[in-house]
Every structure is written in C-alpha cells, then in structure tokens.
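Engineer: FYI, numbering that gives the first Met the number 0 numbers position 98 of the sequence shown as 97, with every residue one higher than the one before it.
It should be emphasised that the hints constitute simulated quantities derived from the structure, not laboratory data.
Note that beta-carbon positions come from the ideal geometry of N, C-alpha and C, so glycine has one too.
Since no wrong hints were added, every one of them can be taken at face value.
Once the Cα atoms are required to be at most 27 Å apart in a straight line, the calculated DSSO-like pairs of lysine-lysine come out as:
hint: 1; residue 1: K98; residue 2: K25
hint: 2; residue 1: K81; residue 2: K94
hint: 3; residue 1: K81; residue 2: K52
hint: 4; residue 1: K91; residue 2: K52
hint: 5; residue 1: K70; residue 2: K94
hint: 6; residue 1: K98; residue 2: K81
hint: 7; residue 1: K52; residue 2: K17
hint: 8; residue 1: K98; residue 2: K17
Now the in silico label distances, taken between C-beta atoms and shown as ranges:
hint: 9; residue 1: N106; residue 2: K81; range: 31 to 41 Å
hint: 10; residue 1: K70; residue 2: N13; range: 30 to 40 Å
hint: 11; residue 1: A84; residue 2: N106; range: 29 to 39 Å
hint: 12; residue 1: T82; residue 2: E105; range: 29 to 39 Å
hint: 13; residue 1: K91; residue 2: L21; range: 11 to 21 Å
hint: 14; residue 1: N13; residue 2: K91; range: 11 to 21 Å
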Amino acid sequence: MLTLKHNTKTKPSNFQIKEIALVDSKVAYCRFLNWVIGEFDLFLKNEESEALKVFFPNGWFSISCFQNTEKELNVALQVEGKTEATCQSMMKQIKSIHKHICEFHENKSY
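Take these sequences, add in the hints, and give me the full structure.
Structural biologist: This is the structure:
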C-alpha cells in the first residue's frame with residue numbers, strides 16, 4: 000500500500016516526492032532493499048544502517064523503515080531531483096520493485 004503525500008518544491012530548481020509504503024516484515028523490507036541495490040547496481044551499503052540513500056545524476060532517493068502508531072512496518076520513500084519527470088520516473092521504478100516484493104511475500108507459503 001502506497002500513500003502519496005504530495006509533490007513539493009524544495010529549492011527553486013528541485014522537486015521532491017515522498018511516499019509511505021507498508022511492508023509485512025523486516026524480512027520483506029530487507030528483501031526490498033536488496034532488490035533496489037541490485038536494480039541500480041549498487042555494491043556498497045552501510046551495513047550499520049537500515050536506510051539507503053542513492054545519488055543519481057541530478058538527484059537522489061532514500062528508503063528508510065519505521066513503525067507507525069498501529070505498530071505497522073512502514074517504508075518511507077523519498078526522491079529529489081532537478082525535474083518533476085525525473086522524480087516521477089525514479090519513484091515509479093522504486094514502487095515497481097516494492098510491488099513485486101509485496102506480491103512475492105503474499106504468494107510465498109512459509
């Protein structure tokens with residue numbers, strides 16, 4: 000489940016998109032991060048942090064995990080870039096990976 004907060008302009012030349020997604024478990028969150036790392040050919044990750052921040056030409060995105068008041072596990076997705084189209088394209092890629100992981104966990108029998 001993804002909830003769009005709103006596109007906001009942060010600096011005169013930057014756009015930002017923030018969304019919140021639900022995950023079933025820490026395992027699903029870790030799998031999500033691993034898929035994102037694989038999708039963007041990232042080989043270095045700070046093992047001490049459960050968050051991920053990736054810089055790309057003209058912007059960056061971050062993924063972090065937190066529990067809400069109902070004790071649900073949430074993932075904060077944030078993309079910032081020079082153009083709205085770039086931000087939307089990157090968010091679309093990230094949400095596609097999230098959707099795939101959610102479907103995988105729904106269909107997986109333990």
